[in-house]
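Asker: From first to last, the protein sequence lines are chains A and B.
So for the first sequence, numbering that gives the first Met the number 0 puts the first residue at 0; every next one is plus one.
So for the second sequence, numbering that gives the first Met the number 0 puts the first residue at 0; every next one is plus one.
Warning: the hint list may mix true and false statements.
What the hints assert, rightly or not - Derived pair list, reagent style DSS-like, types lysine-lysine, alpha-carbon separation capped at 27 Å: (1) A:188 / B:145; (2) B:1 / A:197; (3) B:114 / A:198; (4) B:145 / A:40; (5) A:45 / B:145; (6) A:146 / B:197; (7) B:137 / A:188; (8) B:139 / A:23; (9) A:198 / B:182; (10) B:119 / A:188; (11) A:197 / B:114; (12) B:119 / A:198; (13) A:178 / B:137; (14) B:70 / B:27; (15) B:182 / A:188; (16) A:197 / B:149; (17) B:145 / A:23; (18) A:197 / B:182; (19) B:145 / A:197; (20) A:197 / B:137.
These are calculated hints, taken from the structure and not from any lab test.
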Amino acid sequence: MSTEKYFYLRKLLTVMEIEEEEVKDILNVLHAAEELLREFKIDELKECSNHIIHSAAIYQDKYAINTAIIIYAISKVLERRKFRESKEIETFVEKVLKGLGDLSRALEASNLEDFMRIIKSMMREISLVDRNFSEYLEHVLHKARLKKASKIYEHGLSLGKVAELLGLSKWEVMQYTGKTRIHDRKDTKTMSVRDRLKKVEDIFS
Amino acid sequence: MKAIVFDSSTIISLVTSCLAWILRELKKATEIEFLIPRKVYEEVVVAALRNWNYKLEGVRVLNLIGQNILKVEDLKETNREASRFLNLANNLFYTKRRNLRLIHYGEAEAVGLCKVLGVKNLAVDEKTTRLILEDPEKLKSLLESKLHMKIRVNERNLRNLRENYGDFNVLRSTELLALGYEKGVFANFLGGCGMDGKLRRDCLLGALRLLKLNGCAIGGDEINEYMEIFFGGLRA
Chain A
0 MSTEKYFYLR KLLTVMEIEE EEVKDILNVL HAAEELLREF KIDELKECSN HIIHSAAIYQ
60 DKYAINTAII IYAISKVLER RKFRESKEIE TFVEKVLKGL GDLSRALEAS NLEDFMRIIK
120 SMMREISLVD RNFSEYLEHV LHKARLKKAS KIYEHGLSLG KVAELLGLSK WEVMQYTGKT
180 RIHDRKDTKT MSVRDRLKKV EDIFS
Chain B
0 MKAIVFDSST IISLVTSCLA WILRELKKAT EIEFLIPRKV YEEVVVAALR NWNYKLEGVR
60 VLNLIGQNIL KVEDLKETNR EASRFLNLAN NLFYTKRRNL RLIHYGEAEA VGLCKVLGVK
120 NLAVDEKTTR LILEDPEKLK SLLESKLHMK IRVNERNLRN LRENYGDFNV LRSTELLALG
180 YEKGVFANFL GGCGMDGKLR RDCLLGALRL LKLNGCAIGG DEINEYMEIF FGGLRA
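Turn these sequences into a full structure, and let the hints guide you.
Answerer: The following block contains the structure:
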C-alpha cells in the first residue's frame with residue numbers, strides 16, 4: 000500500500016470514528032470557551048463545559064468527554080486567587096488559548112490523533128499549574144472528571160457506565176454524586192416509601 | 000431460593016456509611032441469602048483494594064464475604080442473561096442520532112444473576128437501573144428533559160423488558176436500613192443512649208442521610224416520608 004493511500008485510509012477511519020453532529024457540538028463549545036477566556040469570564044467558562052455534556056452522554060467517546068474536562072479544569076485553575084495574582088497567569092492563558100484554537104483546527108481537519116495529543120499536552124499544562132498553586136491533595140483534573148461524571152449520571156447514564164467512561168471507580172463517583180442534588184429530583188421517584196418498605200418487609204417475612 | 004442479589008452500588012453506600020453490619024443482623028434474623036455476581040465482586044473488592052482511598056472499604060467487603068454474609072455466585076449462565084438484559088436496556092431508547100447505551104455490564108450482571116437463580120429481589124442504589132426496571136417511561140422523560148431532545152422508544156424491547164423484568168422487587172440500602180431499624184437491629188448500637196426518643200429519631204435520620212450522602216439514590220422528601228412512617232413526622 001502506498002504511503003498516500005495509507006494516510007487516506009487512516010483519515011477515513013478517524014472521520015468515521017466521530018459523527019458530524021458531535022464535531023459541531025465540540026467546535027461550538029471550543030469557540031465559546033475561547034471567547035469567554037479572552038474576556039476572562041471564568042464562571043461562564045465553567046458553565047460552558049456543561050454544554051457538551053449531552054453530546055458526551057449520547058456519543059460516549061473521549062472527544063466530547065475530554066473537551067468538557069479540559070474546559071472545566073481551566074476554569075477551576077483560573078479561579079485560584081494565588082494563581083490570578085501571580086505573573087505566570089498570562090503565559091498560562093496564552094498557552095490555553097493557543098491550545099483551544101489548535102483543538103478546533105485539529106477537529107476541523109478531522110485529525111483526531113492530533114486532537115488527543117493537544118488534549119494531553121493541555122492536561123500537562125494544567126497539572127503543572129495545579130501542583131504549584133493548590134493546597135488540596137486532590138488534583139484539579141481528577142476533580143473535573145468527578146464533576147463531569149456526576150453531570151453525565153444526572154443526564155441518565157448509569158453509575159457503572161459513567162465510571163467506565165471517565166476512568167473512575169464507582170466508589171468515588173458515588174461519594175461525589177451523593178453530595179449533589181441529583182437524587183432530589185422528583186422524576187427519579189417511582190414509588191412511595193411506604194410501598195417500598197412493604198415490599199422489603201414481604202421479602203424478609 | 001429466598002435471596003437478594005446486590006448490585007455494587009448498594010454495597011458501596013452501606014460500606015462507606017459504616018452500616019454494612021446491618022446485613023449481618025438481618026441475616027441472623029432470617030434465612031435469606033445475600034448474593035453478588037463476579038463482576039460486582041471485582042468492583043467492590045478488587046477495584047477497592049487497588050485504590051489508595053478505598054482499601055479499607057475493600058477489606059470490609061472481603062470480611063463480609065469471609066463471614067458468609069455476602070456470597071459470590073460465579074455462574075456460567077449469568078453472562079448470557081446479563082448480555083440479554085444489557086442488549087435490551089441499551090437498545091431501549093434512541094435519539095435521531097443513535098441508541099442510548101445507558102447500562103454497564105456490572106449492573107446487568109446483577110440482573111442476570113437474578114434471572115439465572117429465579118430471584119426477583121434486587122438491591123440497587125443507583126438510579127438508572129432502578130428506573131429501567133421500575134418505570135422506563137419516567138426514565139424517558141428524564142432523558143428528554145436533560146438531553147433537550149425527543150427520545151424514541153423501541154416498543155418491542157420495552158415489551159420484552161416488562162414481560163421479563165417487570166416483576167422485580169427493587170430495593171435500596173435505605174430500605175434495608177429501615178427494615179433493620181424496625182426489627183430492632185439498632186438495639187445494641189443505642190444501648191448506651193438510654194431510652195431517649197429523640198436520640199432514636201436522630202439515629203435513623205442520621206443513618207438515612209448518611210446513605211444518601213454516600214450515593215444512595217433517595218430524595219430528601221423520601222427521607223421525610225420514612226421519618227413520618229416511624230415517628231409521625233420530623234423534617235429531614
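Asker: Hint by hint, note whether the structure agrees.
Answerer: Here is how each hint holds up against the structure:
no.: 1; hint: A:188 / B:145; result: holds (16 Å)
no.: 2; hint: B:1 / A:197; result: holds (17 Å)
no.: 3; hint: B:114 / A:198; result: holds (19 Å)
no.: 4; hint: B:145 / A:40; result: holds (25 Å)
no.: 5; hint: A:45 / B:145; result: holds (18 Å)
no.: 6; hint: A:146 / B:197; result: violated (37 Å)
no.: 7; hint: B:137 / A:188; result: holds (9 Å)
no.: 8; hint: B:139 / A:23; result: holds (25 Å)
no.: 9; hint: A:198 / B:182; result: holds (15 Å)
no.: 10; hint: B:119 / A:188; result: holds (20 Å)
no.: 11; hint: A:197 / B:114; result: holds (23 Å)
no.: 12; hint: B:119 / A:198; result: holds (11 Å)
no.: 13; hint: A:178 / B:137; result: holds (23 Å)
no.: 14; hint: B:70 / B:27; result: holds (15 Å)
no.: 15; hint: B:182 / A:188; result: holds (26 Å)
no.: 16; hint: A:197 / B:149; result: violated (36 Å)
no.: 17; hint: B:145 / A:23; result: holds (19 Å)
no.: 18; hint: A:197 / B:182; result: holds (13 Å)
no.: 19; hint: B:145 / A:197; result: violated (32 Å)
no.: 20; hint: A:197 / B:137; result: holds (22 Å)
Checked against the numbered hints above, the structure violates hints 6, 16 and 19; every other hint is satisfied.
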